[in-house]
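With the hints as your guide, set chain B onto chain A.
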Amino acid sequence: MTEQVIVSSRTIDILAVLMLMTTIVLVGTSRLRTSIWAYAIRSFLLTWVSGLIAYFSGIHHIFIATGISLALKVILIPGFLFYIVNKTKVKTDVESVINYTLSLLISCGLILIAYYSTQSIIKFENDFMGHCLPVSLAITLLGFFVMITRKKAITQILGLLAMEDGLFFAALSTSYGMPLIVELGVFFDILVSVIIMGIYVYRIKETFDSIDTDSLRELKE
Amino acid sequence: MEILTLLLIPIITATACVFIRKHSISKYVSIAGSFIAFVYNIFLNYDVYTNHTLSGLNSFFYLDALSILSTQIVTLVGFAAALYSAGYMEAELHEGAFREKRLRWYYFLFHMFIFTMLLVCVSNNLGIMWVAIEATTLATTFLVGFYNKKPHQEAAWKYIIICTVGITLALFGVILTYHSAKGVIGEIGYALNWSELITVADKFEPHLIRLAFLFILIGYGTKAGLAPMHTWLPDAHSQAPSPISALFSGVLLNCSLYGIIRFHILTSKCIGPDYSGTLLMIFGLISVLVSIPFILIQKDYKRLLAFSSIEHIGIIALGFGFGGMYGVYGAGLHAFNHAVVKSLLFFCSGNLFLKYKTREIEKIKGAIKTIPITAVISIIAIFAITGTPPFNIFVSEFMVLAGGFSSGSVLSIIFSSLLVIGIVLIFIGFIYNMFKMIFGTPASVIPVGEVSKFTIAAMLFLLFFVLVVSIYVPPVLNEILHNIYDIVRNA
Chain A
6 MTEQVIVSSR TIDILAVLML MTTIVLVGTS RLRTSIWAYA IRSFLLTWVS
56 GLIAYFSGIH HIFIATGISL ALKVILIPGF LFYIVNKTKV KTDVESVINY
106 TLSLLISCGL ILIAYYSTQS IIKFENDFMG HCLPVSLAIT LLGFFVMITR
156 KKAITQILGL LAMEDGLFFA ALSTSYGMPL IVELGVFFDI LVSVIIMGIY
206 VYRIKETFDS IDTDSLRELK E
Chain B
5 MEILTLLLIP IITATACVFI RKHSISKYVS IAGSFIAFVY NIFLNYDVYT
55 NHTLSGLNSF FYLDALSILS TQIVTLVGFA AALYSAGYME AELHEGAFRE
105 KRLRWYYFLF HMFIFTMLLV CVSNNLGIMW VAIEATTLAT TFLVGFYNKK
155 PHQEAAWKYI IICTVGITLA LFGVILTYHS AKGVIGEIGY ALNWSELITV
205 ADKFEPHLIR LAFLFILIGY GTKAGLAPMH TWLPDAHSQA PSPISALFSG
255 VLLNCSLYGI IRFHILTSKC IGPDYSGTLL MIFGLISVLV SIPFILIQKD
305 YKRLLAFSSI EHIGIIALGF GFGGMYGVYG AGLHAFNHAV VKSLLFFCSG
355 NLFLKYKTRE IEKIKGAIKT IPITAVISII AIFAITGTPP FNIFVSEFMV
405 LAGGFSSGSV LSIIFSSLLV IGIVLIFIGF IYNMFKMIFG TPASVIPVGE
455 VSKFTIAAML FLLFFVLVVS IYVPPVLNEI LHNIYDIVRN A
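Quick mapping for you: the protein sequence lines, in order, are chains A and B. If you read the first sequence in this note's numbering, its first letter stands for residue 6, the second for the next number, and so on. If you read the second sequence in this note's numbering, its first letter stands for residue 5, the second for the next number, and so on.
Looking at chain B on its own, in the form it has when it is part of the complex:
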């Protein structure tokens, strides 16, 4: 029942937003709805935190540490993005980028998007999880194409086609899992429930599970932005409105990866962690390597951030692939850190876009003079995302690397070494490209001053979490991450 309430909050907010015509009211409804979800989720997490698992509605829902890390990220970034949308979309409205009545649909889809992502994290049935992951695509296609010009339509088309094909392939993995589970459990209705599957996973047919994991990894990996299935990602991230890009990058990718990790745990329990772990490592490393050249020579700053997301999803996959205490703990922490930092950077990029009306790096100079608050926050976020000490991403990247080097297998050590080289190259590319925009002399036609108070509030909110985790990992998060390690280890 508690979990159902969490899902109802975004649905009610979405419905309310459709009926409110004036943006001056609907933005507050949207902020309030996502704030309630954020606070409610903290209480819900507290339940899971004390009891380790929580199931509801006839075990249709199931929450454990892995799910609450994801719901935490969804509601936290969701609230920040709702706050940011209020300022960003209002500014776009004044520019005449779209008509006011279309904003109703923006907020409707925004909150339905939050709902579908929450459903991914709380559903016990792996089939329903598949339905929810596909539903995230459907909820966001119109958001990617929101401005409805040529490039936006192109991005939206690529997005829906590539992601739907990927997820369709994942359905084959779900079917194979169901088939092998039915051989063991027999009972039809519960044979896809994760809480049931994990208890009997060691009796599954290894051939089927191997094939199933491969399809799941390719399928959900497409949605998670793992290379070489990432081709939709830079287009969709760069063409969507900035608050949506933040949600894509910080949250949606994590949700898809969450699906892969569930199957990774099942597969590990059945045939040992080597098979699925190695596959995760390979795809993770390819993702990091593929993103390097595009970050080094990038001309468009939103695409730059998008390729950086591919890199970081790769790092998270590598962490889970390495396994061990450091690898898994680091990967979980990295998922959280990447979500807050990357969303923050997309918010910064949104402010840059509102001010300069261009996404080209070359045409932007002197952000520190025109939008000083955004520029200062950007500098912190850029250092954080590139893994510079003492910021939070440094901590989690370090732990992932420690996991790789300490795992003892030659392959992991080679992969970790390549990862170090990748991180250094990306650091150079990122700093070089982004700092070109922040310093220098701005063109005199650009007026000085921030565009909206809401956007600054959203950025300060996320900055708070970046700085806190940079100083120390809060005990709640620490406990959650330890529990995730227990779930993975007991497999």
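Bound conformation, chain A alone:
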């Protein structure tokens, strides 16, 4: 292993921890704008990781994916979410089913689960990024947790995006990302799904006069 690779591997470790921290911010904060900023920062860190890997591996398609990721995940999607928040004029406080202290405690548990469940895989791992897999799984699980426990529609979108960030990181750390055509398809799907969800947040606000998903409870047995 050359010295350069070791340095970049340490940098990636630090970036991974920072990404996990931004996800914990998403779990712990009650402010919508902070959550969107946390997403933008996490996406930026992810793009950084992707750029480092592109630079050290010299694989061209990762450069393209990095560029798209920067445009889409760091600029376009957070911008769109801020636009939706301003347009619907929601109160920026996020309500949670579970209170924040307990949420943080549960997220510690989820991180432990992520580390524990990936141990068996990492044993076979010779990649210098092997230990990024638990972090990526932890981010995915935390995103899932946010989706389940938060009531505001926009926070659910942010939880989903956190899950997707976690998966992108997993793909990067295990296998230098997916083939380019697949990655392009995934980016396209994410963009369209966020736009459609944004439109629905707006429509739900118009019809129900709230983006609290608790008000969506007409359909049941």
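Bear in mind the hints are in silico, worked out from the structure with no lab data behind them. Accuracy of the hints is not assured; some may be wrong.
What the hints assert, rightly or not - Within a straight-line C-alpha distance of at most 25 Å, the following computed BS3-like cross-link-like pairs (lysine-lysine) qualify:
{"no.": "1", "chain 1": "A", "residue 1": "Lys-225", "chain 2": "B", "residue 2": "Lys-154"}
{"no.": "2", "chain 1": "B", "residue 1": "Lys-162", "chain 2": "A", "residue 2": "Lys-225"}
{"no.": "3", "chain 1": "A", "residue 1": "Lys-156", "chain 2": "B", "residue 2": "Lys-154"}
As the list claims (entries may be wrong) - Which bits of chain B does chain A cover? Going by a derived footprint, with three or more residues having C-beta under 8 Å, they are:
{"no.": "4", "region": "124-133"}
{"no.": "5", "region": "143-149"}
{"no.": "6", "region": "152-166"}
{"no.": "7", "region": "274-287"}
Stated by the list, open to error - Now the stretches of chain A that chain B is said to cover, found in silico as 3 or more residues with beta-carbon under 8 Å:
{"no.": "8", "region": "26-34"}
{"no.": "9", "region": "49-60"}
{"no.": "10", "region": "73-85"}
{"no.": "11", "region": "152-162"}
{"no.": "12", "region": "216-223"}
Keep in mind that this is a model prediction, so the values were computed, not measured. All C-beta atoms, glycine included, are put in the ideal place defined by N, C-alpha and C.
Just chain B now, with coordinates in the frame of chain A:
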């Protein structure tokens, strides 16, 4: 190239429909487009039928027996639904449920939906398959919320959120598969192609494949409506316009299950069929059991049909889980049978809704007097869906059960016995609830007569396939199902 043409047909139709403002013209464009796709697909199937596999565009596309069974279902039900839409949406338009210009978007999304489902079935790259399955969600969210009232928005929101989360989890499965494939193949571009993966699957890392299949099953299973991830399904099926519900139930669920089966075959080749087969059996049985109480006490007939879809997807999963000649053959046949019968029932329910303007079972009486043709077809379809002999679903359910009882494992026999009990209970609930609507005396304010000729034509078209398969399995279908068994067995 041939496969690309099949994909282009719905795209061209969709684009054409956007530019036509008048529904009197666009409905014919839509019918013609889906009919061309239906006929073209038959010729394409003939190619696969003679050569067993067909790949195209630098092996970006790949067709084998499993894919053509799915494309067959997509184009067949797609054509029927286009025909039905012409009558149903016109009637809704006259009621003033929406404005005429929104119909352009209805047809656009309708054909894009067909396109995405075809893409799921023909793509060789499992990553592209993931993109296509996610794209089916995106194409249909606005269709679920088409009427744009409170319940429709609620259903659409639940639909997109739950399905996207599920499919995101499946992406993790795809990534793990890619990772283990890269360890064996090395080549980056082709390491997700199914045709490559299947040749080297036995060299994969078992730990990774196990974890990957679990994520795939949970993820695509959400979209396929397997319990306990099915919670979006009754809402979306009941709130969407009836032709869309038919496509959801008959086709979309199959497409997602198709994704699971691909990974099931890979996993079987790597670590033997027991692990993934048992998981399929467990989720299949839970789906059947979960649907029973909701069918027995149901008040809304479209939700009733939706829960019945959960049951039947469970039966198909059980069939593939049992494995063996009977299990796999039966599951494939059941997928086809369920697609035609359930779509037919959703068409019937659409006609009931147009006539009575309600989805509540209690408020509908005497359909046999007000809409006699629909009512007669409904009676046949109800007997067919509940697995009454001599209809087609009886044949395939029987084969799935035969697969379970003959497989020799204790677990399969216990599951098959529970399945028999489930089918009987559902039979009772279904017949009791549905026949309440067909017989009796209708309220005098309800005018007598069918609403539209198009809807009847679509129903007769599907009824033809129900009756044919009830009498015998056509040789082409038989051959396809045998080939599917070969694909699964050689794994």
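Here's how the hints hold up against the structure:
1. Lys-225(A) to Lys-154(B): This hinted pair holds, its Cα atoms lying about 13 Å apart.
2. Lys-162(B) to Lys-225(A): holds, 12 Å
3. Lys-156(A) to Lys-154(B): holds, 18 Å
4. 124-133: Holds: 3 residues of the region 124-133 of chain B have a Cβ under 8 Å from chain A.
5. 143-149: It holds, with 3 qualifying residues against the three required.
6. 152-166: Result for this restraint: holds, n = 12.
7. 274-287: Coverage by chain A is violated for the region 274-287 of chain B (0 residues, Cβ < 8 Å).
8. 26-34: Not satisfied, violated; 0 residues make the cut.
9. 49-60: Our answer is that it is violated, as 0 residues pass the Cβ test (under 8 Å) against chain B, missing three.
10. 73-85: violated (count 0)
11. 152-162: holds (count 3)
12. 216-223: holds (count 4)
Hint violations for this structure: numbers 7, 8, 9, 10, all remaining hints satisfied.
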